[in-house]
Amino acid sequence: MTHEEILQLLYEETLVGNAPAVSDGVNGGLQDGLEPERMLYDALIPSLEEVGARFERGDYFVPEMLIAARAMQGALDILRPLLAETGTAGVGTFLMGTVKGDVHDIGKNLCNIMLEGSGFTVIDLGVNVAPETFVEQVDEHQPDIVGFSAFLTTTMPMFKANINALQKAGMRDDVIVMVGGAPVTPQYAEAVGADGYSADASSAVKKAKELMQLRRERVPA
Amino acid sequence: MSAASPPRRAAVREPAPGDGAGRVRLRFEPGGGDVRVPSGTPIFDAASWNGIAIDSTCGGYGTCRKCKVRIVSGEAPISSVDPAAFTPEQLRAGWRLACRAGAREDLVVEVPPLQTRPKAALAGVGRHVILRPAVVKRHLVLDEPTLEDQRADLQRVLDALEDLEPSASVELLRELGGILRRSHFDVTAIVCDRELIGLEPGDTTDRRYAVAFDLGTTTVVATLLDLDSGQPVAVRSMLNRQQPYGADVITRISATMMDATALVALRERAHETLAQLTAEVLAEAEVAAHEVYEITVCGNVTMMQLALGIDPEPLSMAPFVVATHALPAVRASEFGVAVHPRAPAFVFPSLGAYVGGDIVAGMLASGLTRDRRLRLFIDVGTNSEIALGDADRVLATAAPAGPAFEAAQIRCGMRAADGAIEGVRITEDEITLQVIGDREAVGMCGSGLVDAVAELVHCGLLDHSGRFIADEEAALRFPALSRRLTRIGQERVFVLDWRQAGEDDPAASVFLSQRDVRELQFAKASIATGWDILLRELGVPAREISQVLLAGSFGAYLTPLSAVRIGLVPKLALPRIVSAGNVAGEGAKIAALSLRERAEAASIVREVRYVELSGRTDFNDLFIDQLAFPG
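Protein chains in written order, with the numbering used here: chain H, 1 to 221; chain P, 1001 to 1631.
Chain P with its partners taken away, still in its complex shape:
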């Protein structure tokens, strides 16, 4: 059916260049290359998003006047701060402050050599991120008050932080005077995203940390980052302690619907998980809790709402409404972690109930919205998120793949733990298993399931409809393997490992059943229908996809060959299919390292169009087409 109907015209607006709604092209000289950004983007941000360093100390607030660039070709209006920074001749020659100059047409921009060498870190999918953390530390040696200088304590500090223009809280005031006097007014001020969150005695500017959390339904990862070097100094992961309330988000939500106390309990368990990981990374790196001045968090919408104690029920049923896309200012303490008491939490915004902050973080880390190549991003899981696009437009959707990839409803399925078959190779007369921990197989995990099915389809023991071939045909074509194709009760199974029981007892073996194959077919068809519909919406054929990024803790373990063979991804040359790893976690790290990148997350939410699959009239037909394995 999909082959018969012509691809629909792209429903996306294609605005003329420079009309204020579309995108403009910037070229940075010398040698910075081309970038495309939404019209109106400050030149400073455009450069930063693309790893091009421009001098700045204030972080782009127009106060330090260091981000001087020259417009070589094209026009950028003179901003209100420009006349104070440049002479009229310089302005005529095209000099502007990059942080205030919005790019509204195609521009060529000359970037002067850097005065201060910026630090950068590699993060995400080969992204070069310029360090500009939200957390800023300043060592201040202040004049002690006298009868002639009775400035308020807070004012004295704020005067020394003029360029940062921070705000302060009453909690800070409770300790401000004490710290100033104990340290004889020699202090280090900590400013995080325009709030003065604390003062420390003496010069502590060399110690500045943040924790980036990937709060997954199954696994939670914490990375302690040294904000000076941009490097991770400790990483820990553990299972989400909400597990007893169900493996997937729907089960956890239904727990809150059946028991009024469950929401509180789930919140506490999220907090316990995050707190334990925090304690572990701090201990490992010998960093004090109060030296962590910010946390960043990404996770699906259900995980976020549960962690913050927001009723998740509306997420779980049509019309699938989120409490908020972007959260108001939240402190780290709202997530139950013991760090600096006034450390803020940056939480990734979400696109929809099932395209959450984790995927926005993944899109950020993979540079999906900034890359000129057409790329397909798939986070494979119980709920799979799919995004397709390039620097001009990106579409995203969510496909309910069910638990097959976690091997939950698979007869011999298990988690990716010791004894799990994670890889399978089948030739005409031999079967080779890769077992985690190099021990006897006890079951198979998701990647083993995908491999087994892909290999069986490839060798021909499974036909393209997903049915095991007839016994007689198997005996004829695969004499060495045909004994493995047998039955348990009525159901046909293929034995992967006979184990000690030997060939008389298939029920005691590790096997792949006919129904397991069907489970996987449902899961992969759901994902394939997702990208198929996105391709149709964009009006482009699959062969134009330059790169497929397989993300998520499961996607990273899939072999590209098997992913192609079962039709989980479009049929493309294998080098185009890349395991991207835990890109959500990378996104959380990037957000801690760069305010500019963080702004990009917000623009992803504005620019990416969410495509709802539920209720589409063409979904069922396309889904049924995708159930078969590609020929």
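One chain only, chain H, in its complex shape:
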């Protein structure tokens, strides 16, 4: 197989969630001298982006998204150490949690999977996470982005509480804040002082990368 054919295979098998074929393809590619970066950026990530697009128009559903992500993770497990060597790994660190009073996590988990698949290191704090805990964990992990998820209009106000807590701890400017969840709107996100909002898992990845880029441009290295 040519390198092009291997990349095509990785793209297609990730799209249908064929995990063994994806792992085999990655290993085969490595033996063939294909660069890990090319497999990640020219096959795996575009494939996961297509998964996201299909999800947005309803063609794909949660199970399809999960098996595609699982195939992707199998590939990443092989590639991660190699990417680390070349310094490619680690788009950034994303700290994620569902706000206090809320125990919904399916949407948040989908975001985690998509973010991981796109190269983020994701630290998931789970559900019903108190503002103090977010502050503590931001302090400990120094993530690039912290994400707050809420599924209910009654728990959305915790976004503001979390941001206030970060402010009080003097950490608000050190971290990008993203919010999301079924009832959340871009207007609401802006009103509570979040840096970004996304409607679903695949746009969360796009938004996260965009915000990272913006920050890099603003903060001189």
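Some clues are possibly wrong.
To be verified - Here are the simulated lysine to aspartate or glutamate pairs, DMTMM-like style, with alpha carbons at most 20 Å apart:
#1 H/Lys207 to H/Glu190
#2 H/Lys207 to H/Asp195
#3 P/Lys1068 to P/Asp1149
#4 H/Lys160 to P/Glu1313
#5 H/Lys160 to P/Asp1163
#6 H/Lys168 to H/Glu132
Read the hints as simulated data drawn from the structure, not as lab findings.
From a predicted model like this one, the values you see are computed outputs, not experimental measurements.
Since the structure of chain H is already known, use the hints to place chain P on it.
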């Protein structure tokens, strides 16, 4: 994943019979049949719950001594009132007063023929309810006071009501003397659940009414009941006037969180709704407001707390705490309805923040906790309540199904009103629509959505994962229908009705979109995960379910066939799946008709185990398994 993991052992205690914590079996003779009740239940209650009539005039307080029964087999201890009612020989022969005799072991009980023929009414899911309303009227012709008989006015009345032992309020005293004298001490006393709430001049015993309310988030129903006949004399329903504050309970609660005045406004709107319905049923049946001596109310916990002005915020977020399961004594006036000024309100107790009094009422009306068959009860709605069990044990849970069944987030979704597609039949070359009002379709309501998806899955245009099949395959397999499978922008849609726009403009048609199918999949998977987890908790397979009751204003309109095809209910023979109608409202009626049944509602709250789905580690995996349509 669900097929791979073995069903977990039932987490429910299985006590030995007659140990005081479990259940005992009673057989009533002649010909009354078997019932199982919690150990310690008075024989009188056990009989009443099961529609078996035993003589009584006091309603089970041990004062009338009419409820005589004989224990033929087994032992029931002699109560403190028995020696006054029976001779020692009779006691040795097993005679007891049924209202005081607790059943602590399996018993065979002989019930003598009735002296007074009890009245009964059919209510709930084929339930035969013996009339024993909380409201009792007595015509009293009292001796007028003299210098020799200076008994207090209240005492004079209470003396004539000795067997009922009622209490009285200061509000009553304000009018008592006037009524007694104006009517020359010929009055009718109104006692409701041990309170003397009023006196009326002359004999009014033939007029006795109650209103039963089903206070729903969307729809509110009022039924005016004639307590003498047990029959409804007027029924009215209307949309809850809280609607402008949001369609679902969470939105209404968040309204109270954002605006401090909203709680008061929401309370007022609930009251306006109940007051308007009351006025309408009274006018229709030509009954005076003061002739309604009691109201019964069932509703979800949020509706109850809003109607009573209790802050609902804690209900809306983990850990989901209710203000109270059972309310202290409340008057009807607390619900803003103009009936008898001292009429009490009976409010159904709740099991949890999302298994409220409406579901307890539904369980009562369907006899879920008294039936030997294993039954699954599903109230389908934005928040769906699910209960599973039989006379031995019942588990209940709440599943957040979201608004799909109300067709809220469905592209062509609408309420079940004129122009809504409510039924869909699809064959290989034809599609037949059932439209409310027999007019041109303008959208589809929840049952139409379920039907459309079920039919498309069945014929194969939707695959089991919920995706529309490829265009080429559709053209090959369904030449007559494939033009209906098209796109609006990027999204695939199936056109149900082209309407006037014709086949060039799918956006102007009534269609089902790929994302609509996904919305329904989320909703039905949430419910299916609920009953799946309850089955696992009980350790029984789905095939052992004898009956599935689909309840609620939406559940009643679902066709059992479609419910099975989309996997909303377990795959069982269709006759086992029954639309039960508005069982919550039936429960509210039953409570007005029978004090005994009302006690049963309290025991449901004690006995039914609530299973919390939030935070269960297995929920997500089971949920994802349930997203697909059954094969």
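Evaluated hints:
1. H/Lys207 to H/Glu190: holds, 14 Å
2. H/Lys207 to H/Asp195: Since the Cα atoms of H/Lys207 and H/Asp195 sit roughly 10 Å apart, the hinted pair holds (cutoff 20 Å).
3. P/Lys1068 to P/Asp1149: Violated, at about 37 Å.
4. H/Lys160 to P/Glu1313: Status holds; Cα separation ~17 Å.
5. H/Lys160 to P/Asp1163: violated, 62 Å
6. H/Lys168 to H/Glu132: holds, 11 Å
Hint violations for this structure: numbers 3, 5, all remaining hints satisfied.
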